[in-house]
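Visitor: Quick note, the sequences are listed as chains D and S, same order. Okay, so the first sequence: first residue is 254 according to the working numbering, each after it adds one. Okay, so the second sequence: first residue is 8 according to the working numbering, each after it adds one.
No wet-lab data here; the hints were simulated from the structure.
In silico DMTMM-like cross-links for lysine to aspartate or glutamate, where the CA-CA straight-line distance does not exceed 25 Å:
| # | chain 1 | residue 1 | chain 2 | residue 2 |
| --- | --- | --- | --- | --- |
| 1 | S | Lys234 | S | Glu187 |
| 2 | S | Lys195 | S | Asp219 |
| 3 | S | Lys90 | D | Asp419 |
| 4 | S | Lys158 | S | Glu187 |
| 5 | S | Lys90 | S | Glu101 |
| 6 | S | Lys90 | S | Glu104 |
| 7 | S | Lys158 | D | Asp419 |
| 8 | S | Lys90 | S | Glu56 |
| 9 | S | Lys209 | S | Asp251 |
| 10 | S | Lys157 | D | Asp419 |
| 11 | S | Lys157 | D | Asp514 |
| 12 | S | Lys157 | S | Asp193 |
| 13 | S | Lys90 | S | Asp235 |
| 14 | S | Lys158 | D | Glu510 |
| 15 | S | Lys234 | S | Asp86 |
| 16 | S | Lys209 | S | Glu256 |
| 17 | S | Lys195 | S | Asp251 |
| 18 | S | Lys157 | D | Glu510 |
| 19 | S | Lys158 | D | Asp514 |
| 20 | S | Lys209 | S | Glu96 |
| 21 | S | Lys157 | S | Glu139 |
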Amino acid sequence: MSNKSEKSRTSGFTDLSVRKPRLVDVLLSVVAIVVIWQVVIWVSGVPSFILPGPSKVALALLENAALISEHAWITLLEVLAGLALGTLLGIATALYIMMSPIAQRLLMPVLVLSQTIPVFALAPILTLWLGYGLSSKIVMTLLIIYFPVTSTFLDGLHATPRGFLDLARTMRASRLTTLIQVRVPAALPSLASGIRLAAVYAPIGAVIGEWVGASQGLGYLMLLANGRVKIDLMFAALITLCLLTILLRAVIGIVCEKINDWAGQTP
Amino acid sequence: MPLDWKSISGPWDSGLAETRSSLEATAVPGLTLSGSFEFSGQVLFSDLEFRLQPGSWTCLLGASGAGKSTLLRALAGLDTGGKFSGTVETDDREGVEDRISYMAQSDLLFPWLTVRQNVSLGRRLRRQRVDESRLDQLIFDVGLREHCNKKPAQLSGGMRQRTALARTLMEGTPFVLLDEPFSALDSKTRSEMQSLAYRVLKGKTVLLVTHDIAEAMKLGNQLYILKDNNAINHPLPSSLPVRDVNSREALEAQARLIGALNS
Numbered sequence: 254m255s256n257k258s259e260k261s262r263t264s265g266f267t268d269l270s271v272r273k274p275r276l277v278d279v280l281l282s283v284v285a286i287v288v289i290w291q292v293v294i295w296v297s298g299v300p301s302f303i304l305p306g307p308s309k310v311a312l313a314l315l316e317n318a319a320l321i322s323e324h325a326w327i328t329l330l331e332v333l334a335g336l337a338l339g340t341l342l343g344i345a346t347a348l349y350i351m352m353s354p355i356a357q358r359l360l361m362p363v364l365v366l367s368q369t370i371p372v373f374a375l376a377p378i379l380t381l382w383l384g385y386g387l388s389s390k391i392v393m394t395l396l397i398i399y400f401p402v403t404s405t406f407l408d409g410l411h412a413t414p415r416g417f418l419d420l421a422r423t424m425r426a427s428r429l430t431t432l433i434q435v436r437v438p439a440a441l442p443s444l445a446s447g448i449r450l451a452a453v454y455a456p457i458g459a460v461i462g463e464w465v466g467a468s469q470g471l472g473y474l475m476l477l478a479n480g481r482v483k484i485d486l487m488f489a490a491l492i493t494l495c496l497l498t499i500l501l502r503a504v505i506g507i508v509c510e511k512i513n514d515w516a517g518q519t520p
Numbered sequence: 008m009p010l011d012w013k014s015i016s017g018p019w020d021s022g023l024a025e026t027r028s029s030l031e032a033t034a035v036p037g038l039t040l041s042g043s044f045e046f047s048g049q050v051l052f053s054d055l056e057f058r059l060q061p062g063s064w065t066c067l068l069g070a071s072g073a074g075k076s077t078l079l080r081a082l083a084g085l086d087t088g089g090k091f092s093g094t095v096e097t098d099d100r101e102g103v104e105d106r107i108s109y110m111a112q113s114d115l116l117f118p119w120l121t122v123r124q125n126v127s128l129g130r131r132l133r134r135q136r137v138d139e140s141r142l143d144q145l146i147f148d149v150g151l152r153e154h155c156n157k158k159p160a161q162l163s164g165g166m167r168q169r170t171a172l173a174r175t176l177m178e179g180t181p182f183v184l185l186d187e188p189f190s191a192l193d194s195k196t197r198s199e200m201q202s203l204a205y206r207v208l209k210g211k212t213v214l215l216v217t218h219d220i221a222e223a224m225k226l227g228n229q230l231y232i233l234k235d236n237n238a239i240n241h242p243l244p245s246s247l248p249v250r251d252v253n254s255r256e257a258l259e260a261q262a263r264l265i266g267a268l269n270s
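Isolated chain S, as found in the complex:
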């Protein structure tokens, strides 16, 4: 089990989140994207095939400008400025559009809303009733119970990103798209956030876009490298995340990964 858990021990470290996540995990589908992508006349990807395994973390690694975020935005149905022709299919054929939640590098908290209101944003924007007890539980899970009535300006960077994580969880969708959500944090907070996110998002089909090799090594169940207009599957250590990035196994895998990136 991950070493970092000690550093985030606190009232939220209750195991409740895991129990619930594993219950939800029973029917989570996988997702396959295939097709090609054009960006202002130029082909960014052709015949791309890219699969998110059900209930696990898929990391998408690549240099800046390789098109990682573009892919994620295409999956999320967001404007990419390019043209995607192909299909996004879920294993249960039920469509992907309204079953996705999205978390970005910037926490995207609305400054005029409190933590509670930000966490329940999705419901508010869809004019749905907010499940207060679920809301309380999620805020508790990410350790923000004492801060739930504060506005984002009163929070630290780590607390803000935990709020964003709780907001993502509150959506309760099977697919979670993470666009470099930890890269703006300092290294200690980042490490805590990675472990927390892995724990609370367990059982969901997660795509993590990152340029951080160690992060991919730490959190990935599968790993794709975006390179030469293609997504290449790259093997990861057989151990389960969250991996200790300083273990011998991880360091060796990391060396191979760097080799693959530079080849």
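So that you can see chain D by itself, here it is in the shape it has in the complex:
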């Protein structure tokens, strides 16, 4: 559709997540960052156990590829599981709130109040309750993305154009049918932007969980490397984490675009 590209062009300047960067631009800025990084090291003479140069990090990345990918796989697993569960739980909560006026009255304040708890502060408790394995990280990830998904979807469900609801009313649609066939499809673009947000937050949850107590994962590897003054390995793990997040964000972005195309709307 021709008006789609036009729309994202005009609205893109306020929302970084909507604008699609060109690949050339991305590569150029990555090269620029690497160059600046190298120059800073040459000029300042920082020792490599404080800040290793790009070549050292690249070498560490290659030498420890097997180790890093093993830990990356664990982190990815935690992120994906947390993302899936958090999204499902968020969707279910929003739908439940829409269906039940009592839930709307009782659950909404709890949801809003729960946002005053810094979720990171829960990490030690989660580790205490759920142990050092994957589950504590998955729950951490889930908790971080649960609220953004729930609230964006709920906002979308409340923002159904009034005319659509009027029409459904004159057609004698039941409350449940109106929710499923009118409100939900109309709210899919909002849900999509919630999931996009979640894809960026999710790795944070997993890594925090790993920092607090784990025996696997990129967060664990970073702490381990730090303790042994293998700063190049630490940076290699960090860069892997960034790449993982970017990849996840890209895949989710494509899925969300498909959803928006189907819903006949552009964000």
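Position chain S against the provided structure of chain D, taking the given hints into account.
Guide: Same frame as chain D, now just chain S:
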């Protein structure tokens, strides 16, 4: 017969719609609304009496904010933000609630549904079986056969409003409430839509809310003016719609109408 028909000649101009409409027309009841209407403590209408003649077009004309849409929404059982106390009675006493279809200024097409799916929306929302052959016929009648699998974003404004018209027809209800359905269209498309709508809705009890004097002149069998908290019946030319708004008769009637509106 209306002059505008030439401009909408096409595959759908088959006369089939008329045959079917006149068959359905046999038992269409009229509708009477009487009562008063309060809006946040203020009386908008008191002792209003307002009748839709069976099987004909009643136009409700008034300035913006006169309460035209409020009345229509009250009839449709939609939220008006005000309080209506009175009765809505049909000639056959069978109630009005599930026998109304509604068309608004905005086409209200669901962007995620195709033309076909939008036209059959009522059935889908009531979880009823869709009569495919009737659906095909209606889409054909409004000239959208080639576009029936497109989504609304791929259609022009006129095509979108024709889809909305077909969706209204698909409901097959005796009462049709139109809330300024043509006012967002450009003048050529509007003229085509008016003639098409009049033709396909023939035989139904139709209420058309509008602020367009020429439109009321063109399409009304009866005309009410909403003014000074009341609905006043205003005479129309004796000829039948769709009238040529540039005819001498229509222009004279229009002048009287403008006089009545401004008095």
